[in-house]
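Novice: One rule links them: number in our numbering = place in the sequence shown (from 1) + 1487.
Please note: incorrect hints may appear among the correct ones.
Below, a list of computed lysine to aspartate or glutamate pairs in the EDC-like style, where the Cα atoms sit at most 16 Å apart [claimed, not checked]: (1) Lys1713 to Glu1729; (2) Lys1692 to Glu1719; (3) Lys1691 to Glu1719.
Pairwise CB distance ranges, derived in the manner of DEER restraints [unchecked claim]: (4) Val1821 to Gly1720: 47 to 53 Å; (5) Thr1874 to Leu1814: 43 to 49 Å; (6) Phe1768 to Val1821: 52 to 58 Å; (7) Met1807 to Thr1541: 38 to 44 Å; (8) Leu1655 to Gly1720: 29 to 35 Å; (9) Met1807 to His1662: 21 to 27 Å; (10) Val1754 to Arg1912: 32 to 38 Å; (11) Gly1588 to Pro1651: 39 to 45 Å.
Calculated from the structure, these hints are not laboratory results.
Glycine included, every Cβ here is placed at the ideal spot set by N, Cα and C.
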Amino acid sequence: MAAPHDTPSNERKPGGLGPGDSSSTDTLQISQVADRLREEPASRPLQLAWLRDTMTLIRQIGDALALLAGQWLGMFLLEARFPDLAPTRSVAWISGLTGTGTMLLLMGYVGLNRDDHSILNIRETQKILRSWLLAAAAALLLLYLARIEVSRFGWLLTWALTLPILLLHRDLFWHLSRWLHRRGIVGTSALVYGTGSSARMLLKKLRLMPELGIHVVGLIDDDPRKLGERIEGVPVLGDSTELRALLRLTATRRIYIALAQVPRRTVTDILSVCRARGVDFQIVPSFHDMALPRIRIEEIDGIPLLGVSHARLRPWRAVMKRGLDLLLGTILLVVFSPLLALGMVATRLATSGPMFQRHRRVGRDGALFHLLRLRIGPRSDTHPTRTGAILHRLAIDAMPMLVNVIRGDLSLVGPRSAHIRDVARYDEFHRLRLNVRPGITGLWRILPHAPPERDDSLDIDLQYIHHQSLLLDLSILIETVRNLVLPRKSPT
1488 MAAPHDTPSN ERKPGGLGPG DSSSTDTLQI SQVADRLREE PASRPLQLAW
1538 LRDTMTLIRQ IGDALALLAG QWLGMFLLEA RFPDLAPTRS VAWISGLTGT
1588 GTMLLLMGYV GLNRDDHSIL NIRETQKILR SWLLAAAAAL LLLYLARIEV
1638 SRFGWLLTWA LTLPILLLHR DLFWHLSRWL HRRGIVGTSA LVYGTGSSAR
1688 MLLKKLRLMP ELGIHVVGLI DDDPRKLGER IEGVPVLGDS TELRALLRLT
1738 ATRRIYIALA QVPRRTVTDI LSVCRARGVD FQIVPSFHDM ALPRIRIEEI
1788 DGIPLLGVSH ARLRPWRAVM KRGLDLLLGT ILLVVFSPLL ALGMVATRLA
1838 TSGPMFQRHR RVGRDGALFH LLRLRIGPRS DTHPTRTGAI LHRLAIDAMP
1888 MLVNVIRGDL SLVGPRSAHI RDVARYDEFH RLRLNVRPGI TGLWRILPHA
1938 PPERDDSLDI DLQYIHHQSL LLDLSILIET VRNLVLPRKS PT
């Protein structure tokens, strides 16, 4: 059953949508909607198409310069520290241009020149990693076929420097893009049909990601009692019969249908109006629809067969993920052992009792384990201290969790570890979390505002479970490190 007021009333005929409306009716509706909009000082983006195109061009030029800078910085360091391995100037030019050109072509192929955003650009980072790995191998192969000798060590050095420089450039451009979109200089006006849970969830997501440039100027709901209300700070401007007038007066370029159930006639009428005005049209699924296992489509001699995916990694991918956890977990524990020792000393000086705190958590397939942390962080049972806040900011208090990773209780990347009392209240949708190991970090960690520890954040965890891969794990690890060094604050 749909929630109250989640479905449009059948008593109201969508007369404003059909083609047979008289001009007098349209004029009256436009006048009424215009009066309503004057009472709602909703901010609308300028929608400067030329500026959006200019930004895309600047981003592509910046990509090329960042790639060349990484190539040449690697060559400079190679010549300064290992002159015997440094190539000649002509070979350096050919190598740099070949690597840059190959990388730019692959970046365009995977869609990095389009505005394809996700939480903190994790999808962009994933595509950059894929392009970087393929371009390094492809460029080396091209140089080999051209019989141009380059040092393997020098090649690794230059490409190792290229990646962080490119990520830094993209990060700076991300901040510029967010600044322009938050101030409405560039963006797209949108309307949302619905005021229920799906609409509220969509509004929260768009607020977390202003770099998308989607400015929701108002909501549409067929319940007359909701007219004038504000949902998540967005006003309800009218009903579906006034859609044509709303689109015209708000200069809307996109409409989202965010209702649990919509009559087919209403959807058809809205689609007709959107096509006539060249407006994008998208449907937002309900929360439980998103929680369902992903649909898998197979075919037998032309007959489509629908099945469901159980959100588990294939055996060979599971082995690779576990191998990555063991390898990186051991390396990180060894490399950061001096910091961990420093944190243990600070814990001993600032608190009494044991240095480690053991939290009972529920892991993969419902197995219980003890999560290890230093007792000095803000989540400990001791009085908060300034030293503890510093150790938490540098993630030193969480370093003992690397022991959990090596033991197999945790993964480096995964959903948030669950409390026993929370798991007791799980339904079938929440239990999908238990299909994988929880992680030290994950999509929930790199949110502009990380949800509270007890928040279920089901949609965030499902995003990871349904798209998990080795490349996604590496992207989340990169974003986690970048977020520690340069925190990205959410919009206020």
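Novice: Range first: 29 to 35 Å. Now tell me if the beta carbons of leucine 1655 and glycine 1720 are that far apart.
Specialist: holds, 34 Å
Novice: So if I understand the rule, the pair passes when the alpha-carbon distance is 16 Å or less; does lysine 1692 with glutamate 1719 pass?
Specialist: holds, 11 Å
Novice: Go ahead and decide if the range 32 to 38 Å is satisfied by the Cβ distance of valine 1754 to arginine 1912.
Specialist: holds, 35 Å
Novice: Holds or violated: the 43 to 49 Å window for the beta-carbon distance between threonine 1874 and leucine 1814?
Specialist: violated, 32 Å
Novice: Is 39 to 45 Å respected by the C-beta to C-beta distance linking glycine 1588 and proline 1651?
Specialist: violated, 20 Å
Novice: Do phenylalanine 1768 and valine 1821 keep their Cβ atoms within the hinted range of 52 to 58 Å?
Specialist: Given about 54 Å between the Cβ atoms, the range holds.
Novice: Does lysine 1713 pair with glutamate 1729 here, judged by a C-alpha cut-off of 16 Å?
Specialist: Roughly 15 Å between the alpha carbons, so the hint for lysine 1713 and glutamate 1729 holds.
Novice: Within 16 Å, alpha carbon to alpha carbon, are lysine 1691 and glutamate 1719?
Specialist: Measuring from Cα to Cα gives roughly 8 Å; hence the hint holds.
Novice: Does 38 to 44 Å hold as the CB distance between methionine 1807 and threonine 1541, or does it fail?
Specialist: Taking Cβ atoms as reference, methionine 1807 and threonine 1541 lie about 42 Å apart, which means the hint holds.
Novice: State, for the Cβ atoms of methionine 1807 and histidine 1662, whether the hinted interval 21 to 27 Å holds or is violated.
Specialist: About 34 Å separates the Cβ atoms of methionine 1807 and histidine 1662, which means 21 to 27 Å is violated.
Novice: Confirm or reject the claim that valine 1821 and glycine 1720 have a C-beta distance inside 47 to 53 Å.
Specialist: holds, 49 Å
In this structure, the earlier hints numbered 5, 9 and 11 are contradicted, and the remaining ones agree with it.
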